[in-house]
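J.: Each chain is listed here by its residues.
Protein chains: 2
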Amino acid sequence: MNVEILAVGSELLSPFFLDTNSLYLTQRLNDLGFPVSRKTVVSDARDDIRSSIQSALDRTAYLFVTGGLGPTSDDVTREGCAEALGRTLIFHREILDKIEARFKRRGRDMPPANAKQAEILEGADILSNDNGTAPGQWIPAGRTTVVLLPGPPHELKPIFEESVWPRLAAHRAGYTSRAVLKSTGLTESEVETRIAGLYPDRPDLRLTILASPGQIELHVTAFSSHEETAARAAAESLSDALLDRLGGFVFSTSGADLESVVGRLLRERHKTLATAESCTGGLLAERVTRVAGSSEYFLEGFVTYHNTAKHERLGVPPDLVQSRGAVSAEVAAAMAAGVRARARADFGLGITGIAGPTGGTVDKPVGLVYLACAYDGGVDVQKNIFLGDRQQVRFQSAQRALDMLRRNLLGVQAS
Amino acid sequence: MNVEILAVGSELLSPFFLDTNSLYLTQRLNDLGFPVSRKTVVSDARDDIRSSIQSALDRTAYLFVTGGLGPTSDDVTREGCAEALGRTLIFHREILDKIEARFKRRGRDMPPANAKQAEILEGADILSNDNGTAPGQWIPAGRTTVVLLPGPPHELKPIFEESVWPRLAAHRAGYTSRAVLKSTGLTESEVETRIAGLYPDRPDLRLTILASPGQIELHVTAFSSHEETAARAAAESLSDALLDRLGGFVFSTSGADLESVVGRLLRERHKTLATAESCTGGLLAERVTRVAGSSEYFLEGFVTYHNTAKHERLGVPPDLVQSRGAVSAEVAAAMAAGVRARARADFGLGITGIAGPTGGTVDKPVGLVYLACAYDGGVDVQKNIFLGDRQQVRFQSAQRALDMLRRNLLGVQAS
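Sequences listed follow chains A and B, in order. For the first sequence, this note's numbering begins at 80 and goes up steadily by one. For the second sequence, this note's numbering begins at 80 and goes up steadily by one.
Fair warning: there could be bad hints in the mix.
Quick list of the computed label-pair ranges, beta carbon to beta carbon [to be verified]:
| hint | chain 1 | residue 1 | chain 2 | residue 2 | range |
| --- | --- | --- | --- | --- | --- |
| 1 | B | Leu-344 | A | Thr-287 | 43 to 53 Å |
| 2 | A | Ala-408 | B | Pro-397 | 54 to 64 Å |
| 3 | B | Lys-443 | A | Arg-138 | 49 to 59 Å |
| 4 | A | Leu-277 | B | Pro-232 | 26 to 36 Å |
| 5 | A | Glu-201 | B | Ile-169 | 49 to 59 Å |
| 6 | B | Asn-210 | A | Pro-232 | 31 to 41 Å |
| 7 | B | Gln-106 | A | Leu-277 | 49 to 59 Å |
| 8 | A | Arg-246 | B | Asp-176 | 39 to 49 Å |
| 9 | B | Trp-244 | A | Ala-290 | 38 to 48 Å |
What the hints contain is simulated information worked out from the structure, not anything from laboratory work. Quick caveat: nothing in here was measured; it's all calculated off a predicted structure. Cβ atoms here follow ideal geometry from the backbone N, Cα and C, with glycine treated the same way.
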């Protein structure tokens, strides 16, 4: 029961755009137990559309064709598909009425070009589109069902959910269950060492690792041809085993980002936060406040880029900067304690470091970052040397600072 | 002289990964006058690889096959290609020596599995890989040349630049010249109205609009089958005409981001900047300091999320917040003037607004944002109602604030 996806659109063959609809379609098709076995992109050329559809007919149970259903002369997916299947296009008055009504509601007359969007292949079911003018089409053709969907994601997704999913679910090939663990504080190879032996070697259980500097995600996908509970049990079992190995380095099993996890912990404990940043330049505060409702626990942030600001805003003694350097454990601690006191917050986070690409020395290389977390009872300081470019050093710095706060709130030590 | 790209890899048929190599390949192929006419993704299945290569042979001058050249048993691109072309795989001692030497340099023995990476199709040229173990292969096959390249971008790109580009350039189909204009302050439909009539209707001159909330980019691509100068002239001519219509709304013709443009203007004029943010939560400071060397002109930033902080840090009078509301023109102006004075900066930028999703009222809806730019001579204030989600409102707010500063530095009025 393989499925193929054919994306139509000359812009998808330019250096500017990728067919991102296929990621959404793949996930939803996998949910029903259908693997995607091939993806193809062709231009708005009728011959290419026709030949691509024809060759897929021999191979696949379902062929999803996205794009090329618009009103312009470039949009020829309907025509190419009709040729491939040897069907005629039939004009549907009730679809035209709906398109005209859609324009009327916006106070405009329908341009004549849109009329062709009311043409449906002989033998096709109409898949109603409430967010655009072109309906989708469900076209049984021998052993293959061809499904035409409009390209704009805000039209494609609702049609899939409302009209395609129920039809496919009646013939579902199985059940898929997913789990995701997000971790920070370990490198990819450290994660792999810890989870050695847990990598599944079964077609119905897969582990995908998405690694970027500062965050390693482990995605578990379990499949059962018969039972939803079996798929869920397999996913949970592997996910639990991974969690055992990774322990406190896992900050989320719900898909939530680190700033959301920290925000939830602060809110639950009725604690407040203030931040003082140098090399991250506001990224830490920006991430904390990306979370809706963060004004409940985030009081304020300082971006003390110049040393004068570190002194005037946070009370970092100038002689400390002089003797230890602006990038030092002592200055990070003074920033965290200073912002905590001035903002009258429960927690203060401080970051000072060298994001690069210039400014590094032999003693203090690019990537050297000191992080501090001030709390009722003391200040913890961490020294890090992060690898990567300027943005990667900044992201890892903010990530590690958030993780220090998470561990403090949870009472979890690194292990 | 069409070109096709075939990406091999089961992970590219999962919900997690897209074939991003094809964007790079497409740009470089277009540079040489070769359009990409089809892109296909198949799994690591030998039959799928074989059949995809075979069917492309009838259609295309060059077929680029990426991925599946690794050492594991899943990597079968070499075998699938050999089957498709009816060739044998020939073991090359000198490639094995090079792979073994690569491991030796890292103090390790080559795992036996890597030996198969020394297998080259009969009749193929070896494309040396200095950044990995698998070489590329250049395989003339009748009217089509099949090119095998490893999937990791840091291996694929150098091989393309060093070994593929010179071979293709000898048979180049023409010359491509590009131009890009980046604008802010106009919606996509406002841009389209202004540039009406300039949309090229020629296959050798294309205009692509990339629109996101707060930024519209216009990408010009000109092609000449004979002369580089003709392509460049055509691109420049259209770019100049677009610039005439869009005027001061264009902030960059070099590809630079707005924060880099503003940074360059500040540096050139020896001016300094400080920022005071509420709803953007540090995004403005983060963008300003994303630019390497920004410490030359950026002094400090305040994220005054709570009203207490607006008063204590920036001197915003509590009765102003009381009478006008924290989200008001008066408070934005007081924030900008306050941060300029306290930081002793030439410019102060202030932002206060409602990013949503909650917190809006009938009078002050989600998306209402006041921006202020304080300078030697006064304070300019702008009221905006931005559409979009929380992140989009925040991005547009920071973007508009940077643009106010750009216009002030250049003495450009909105027009």
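J.: All hints are to be evaluated individually against the structure, with a verdict given for each.
T.: Here is what the structure says about each hint:
At about 45 Å, the beta-carbon gap between Leu-344/B and Thr-287/A stays in the expected band of 43 to 53 Å. Range check, Ala-408/A to Pro-397/B: about 38 Å between beta-carbon atoms, so the 54 to 64 Å window is missed. A hinted range of 49 to 59 Å for the beta carbons of Lys-443/B and Arg-138/A is consistent with their spacing of about 57 Å. Checking the proposed 26 to 36 Å range against Leu-277/A and Pro-232/B shows it holds: the Cβ atoms sit about 28 Å from each other.
Distance hint check for Glu-201/A and Ile-169/B: the Cβ-Cβ separation is about 53 Å, which falls inside the suggested range of 49 to 59 Å. Roughly 36 Å separates the CB atoms of Asn-210/B and Pro-232/A, a value that falls within the hinted 31 to 41 Å. At roughly 40 Å, the beta-carbon separation of Gln-106/B and Leu-277/A lies outside the given 49 to 59 Å, and the hint is violated. At about 58 Å, the CB distance of Arg-246/A to Asp-176/B disagrees with the hint of 39 to 49 Å.
Our hint of 38 to 48 Å for Trp-244/B and Ala-290/A is violated, since their Cβ atoms are close to 30 Å apart.
Comparing the model with each numbered hint stated earlier shows that hints 2, 7, 8, 9 do not hold.
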